[in-house]
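Undergrad: Input sequences plus hints: build the corresponding full structure.
Protein chains: 2
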Amino acid sequence: MSKHFNDLLEKVSQCSKKKVAVAVAQDDAVLEAVKAAKERGIADAILVGDENKIREIAAGLQMDLSDYEVIHVEDVQEAALKAVSLVHDGKADMYMKGLIDTKGFLKSVLDKEVGLRTGKPLSHVCVFEIKGIDHLLFLSDVAFIPYPTLEDKVHIINNTVEIVNACGIQNPKVAPLAAVEVVNPKMPATVEAAELTKMCEEGQIEGCIVDGPLSLDLAIDPQAAKHKGATGRRIQGDADILLFPDIHAGNLVYKCLVHTAEVKNGNILTGTKAPVILTSRSDDFETKVNSIALGAVVAEELGKNK
Amino acid sequence: MSKHFNDLLEKVSQCSKKKVAVAVAQDDAVLEAVKAAKERGIADAILVGDENKIREIAAGLQMDLSDYEVIHVEDVQEAALKAVSLVHDGKADMYMKGLIDTKGFLKSVLDKEVGLRTGKPLSHVCVFEIKGIDHLLFLSDVAFIPYPTLEDKVHIINNTVEIVNACGIQNPKVAPLAAVEVVNPKMPATVEAAELTKMCEEGQIEGCIVDGPLSLDLAIDPQAAKHKGATGRRIQGDADILLFPDIHAGNLVYKCLVHTAEVKNGNILTGTKAPVILTSRSDDFETKVNSIALGAVVAEELGKNK
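Those protein sequence lines, which keep their order, are chains H and A.
Reminder that position 67 of the first sequence reads as 66 in numbering that gives the first Met the number 0, one-by-one numbering, no gaps.
Reminder that position 138 of the second sequence reads as 137 in numbering that gives the first Met the number 0, one-by-one numbering, no gaps.
Everything labelled a hint here was simulated from the structure, so no lab data went into it.
Keep in mind that a hint or two might mislead.
Heads up, the list lumps identical chains together, so a pair's fine if it works in one copy or across two of them.
[What the hints assert, rightly or not] Distance condition first, Cα-Cα at most 25 Å in a straight line; then the derived DSS-like pairs of lysine-lysine: (1) LYS34 / LYS227; (2) LYS227 / LYS303; (3) LYS106 / LYS185; (4) LYS130 / LYS263; (5) LYS2 / LYS106; (6) LYS263 / LYS37; (7) LYS10 / LYS172; (8) LYS34 / LYS90; (9) LYS119 / LYS106; (10) LYS119 / LYS272; (11) LYS185 / LYS102; (12) LYS90 / LYS272; (13) LYS197 / LYS90; (14) LYS272 / LYS130; (15) LYS172 / LYS130; (16) LYS225 / LYS102; (17) LYS2 / LYS119; (18) LYS185 / LYS303; (19) LYS106 / LYS272; (20) LYS119 / LYS197; (21) LYS227 / LYS263.
TA: Structure follows, in structure tokens:
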């Protein structure tokens with residue numbers, strides 16, 4: 000059971016060595032993370048893109064390319080299709096975004112011939128280790144689905160539970176968050192939170208415990224839960240998964256954690272056949288490396304279930 | 000100009016001594032904060048409520064009631080009306096919630112005879128000192144207006160600018176927040192953020208600089224703003240006011256700051272004739288004291304403008 004990012008790295012070291020296919024790999028920050036992931040034994044990489052540019056950046060990073068497979072494809076969209084097809088064909092275990100815009104990258108992820116579609120909707124999961132909280136927190140969705148419907152939220156929960164399980168945590172507690180912890184008919188987020196709770200009780204959502212609506216303090220702070228007398232609730236400051244009402248709430252909390260708290264984090268796109276690493280240019284170096292480690296752990300689990 | 004809570008306390012020490020009228024004062028946590036506020040020279044208090052219960056709690060807190068005016072009113076709603084009328088009549092400078100539910104308390108605030116109505120809509124402002132950020136941040140609305148319309152947002156900005164000014168900060172920078180920093184017609188929060196920016200440029204919103212939509216990193220982190228190349232924007236990680244798209248986003252960020260970052264904070268209700276202190280039972284002791292200090296600073300400023 001992973002309680003910290005170090006536990007995840009330990010878990011990676013017990014997996015078979017994974018390989019990440021990088022789409023349009025001529026990107027400084029991405030190559031730097033890929034290099035560190037290899038050096039730390041997290042994953043090897045296949046670099047697809049403009050070979051000259053890749054070699055130029057690698058030289059600057061003192062990165063020995065003889066350790067990597069490099070596939071020259073000059074055109075950006077073609078490079079992405081080549082990279083994703085490597086994952087599709089089982090030659091790599093996960094897929095990572097390089098110097099390509101998110102739209103073009105997602106187009107390759109969803110490509111009907113060589114992409115990683117499963118028929119399930121995609122969603123985004125962030126894993127956080129936060130100073131003062133004694134276990135990992137999984138946040139969704141902070142980057143991908145703008146205004147999830149009730150049905151989307153069920154998919155988000157299922158997708159996220161899969162990632163949580165891969166990290167060795169069974170039957171996670173899911174907190175559908177809102178400004179308040181009581182149902183208010185004038186606040187749709189609270190109504191949907193109660194509906195999700197009911198659906199879980201009735202077995203329509205499985206493999207987790209859903210309890211909402213919850214305010215953030217009741218979800219993550221056992222002291223606050225005690226102080227507010229939330230003793231009857233299934234979640235009392237010990238949530239594993241934080242489900243956000245919409246992308247604004249999710250993204251603002253995500254950035255609040257990254258920019259004001261002491262954290263380690265990694266992010267992954269899920270609902271796909273293999274893990275997809277879609278870090279943004281605002282993510283720092285360690286976040287990118289952590290995301291590759293997270294991808295490796297998830298790839299191991301998906302491999303087992305094949 | 001206040002950059003830290005200590006600057007606000009310094010400012011309080013330069014004001015004439017203020018007095019807070021407490022509605023239904025028989026509340027442990029509130030009396031403890033009122034006692035500390037008096038000991039620290041922040042404000043005196045008039046305690047309205049059930050005198051026996053007030054004396055009992057005060058004894059437990061080793062609080063000498065001979066330093067306070069105590070007015071016995073047993074009925075909760077009548078006690079609130081008595082307390083608010085003291086502020087209405089100028090016998091106290093600010094109004095604070097004790098052991099009364101928020102609904103009943105607000106009813107007294109809005110009472111047509113003895114309340115503190117101005118005709119302007121009320122809104123809630125939180126002031127934060129956050130480790131790693133070199134100036135105070137003012138958040139609104141995280142507790143009062145659930146789904147602000149564009150018009151509500153203009154009122155929220157005006158109400159908040161008044162509080163910021165009282166803290167000695169002129170022409171604050173206002174960041175209407177969203178998940179992204181570009182206008183997306185499918186995301187109403189980004190469209191309204193752009194409209195507020197335009198309204199400010201055209202002089203319909205005065206006394207501040209509005210620049211949105213902004214993601215939280217661009218609003219509060221100058222390094223992130225630089226990294227993302229936001230050099231053309233009026234806000235580059237140096238926002239004073241964070242305007243939230245709705246109460247869920249605001250409240251979740253508020254609780255995220257309180258429960259995961261190193262902060263000092265105080266909260267106030269504004270849009271009223273005098274400052275209203277509406278702390279919640281989840282606010283800790285220092286937050287309650289800080290809120291009284293904030294109220295004193297705002298009362299001084301409102302007094303000047305009379």
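Undergrad: A separate judgement is required for each hint: does it hold in the structure or not?
TA: Okay, the hints, checked on the actual structure:
Taking the shortest Cα distances, LYS34 and LYS227 sit within 25 Å of each other only across copies (23 Å), while inside one copy they are farther apart (48 Å). When the C-alpha separation of LYS227 and LYS303 is checked against a cutoff of 25 Å, the pair qualifies neither within a copy, at 43 Å, nor between copies, at 40 Å. In the homo-oligomer, the alpha carbons of LYS106 and LYS185 lie at most 25 Å apart only across protomers (20 Å), although the nearest pairing inside one protomer, at 38 Å, exceeds that limit. In this homomeric assembly, LYS130 and LYS263 come within 25 Å of each other (Cα to Cα) both inside a single copy, at 9 Å, and across copies, at 18 Å.
Taking identical chains as interchangeable, the C-alpha atoms of LYS2 and LYS106 are never at most 25 Å apart, the minima being 34 Å within one chain and 47 Å between chains. Within a single copy, LYS263 and LYS37 get their C-alpha atoms as close as 19 Å, which meets the 25 Å cut-off; across copies the closest is 42 Å, which misses it. Taking identical chains as interchangeable, the C-alpha atoms of LYS10 and LYS172 lie at most 25 Å apart only when both belong to the same chain, with a minimum of 22 Å there against 46 Å between chains. Proximity of LYS34 to LYS90 under the C-alpha cut-off of 25 Å is restricted to the intra-copy arrangement: shortest distance 19 Å within a copy versus 69 Å between copies.
Only within a single protomer do LYS119 and LYS106 lie at most 25 Å apart by alpha-carbon distance; the minimum there is 15 Å, versus 49 Å between protomers. Taking CA atoms no more than 25 Å apart as the test, LYS119 paired with LYS272 passes inside one copy only; the shortest distance there is 10 Å, against 54 Å between copies. Taking the shortest alpha-carbon separations for LYS185 and LYS102, only the inter-copy value of 16 Å comes in at or below 25 Å, while the best intra-copy value is 35 Å. Taking CA atoms no more than 25 Å apart as the test, LYS90 paired with LYS272 passes inside one copy only; the shortest distance there is 13 Å, against 69 Å between copies.
In this assembly of identical chains, the alpha carbons of LYS197 and LYS90 never lie at most 25 Å apart, being 42 Å within a copy and 52 Å across copies at closest. For the identical chains of this complex, LYS272 and LYS130 are neighbours neither inside a copy (33 Å) nor across copies (41 Å), given an alpha-carbon limit of 25 Å. Taking the shortest alpha-carbon separations for LYS172 and LYS130, only the intra-copy value of 20 Å comes in at or below 25 Å, while the best inter-copy value is 30 Å. When the C-alpha separation of LYS225 and LYS102 is checked against a cutoff of 25 Å, the pair qualifies only between copies, where the shortest distance is 24 Å, while the shortest distance within a copy is 45 Å.
Within a single copy, LYS2 and LYS119 get their C-alpha atoms no closer than 28 Å, and across copies no closer than 49 Å, so neither meets the 25 Å cut-off. Taking CA atoms no more than 25 Å apart as the test, LYS185 paired with LYS303 passes in neither setting, with 45 Å inside one copy and 39 Å between copies. With identical chains, the CA atoms of LYS106 and LYS272 are at most 25 Å apart within one copy only, with a shortest distance of 15 Å there and 56 Å across copies. In this homomeric assembly, LYS119 and LYS197 come within 25 Å of each other (Cα to Cα) only inside a single copy, at 22 Å, whereas the closest approach across copies is 41 Å.
In this assembly of identical chains, LYS227 and LYS263 lie within 25 Å of each other by CA distance solely across copies; the values are 21 Å between and 29 Å within a copy.
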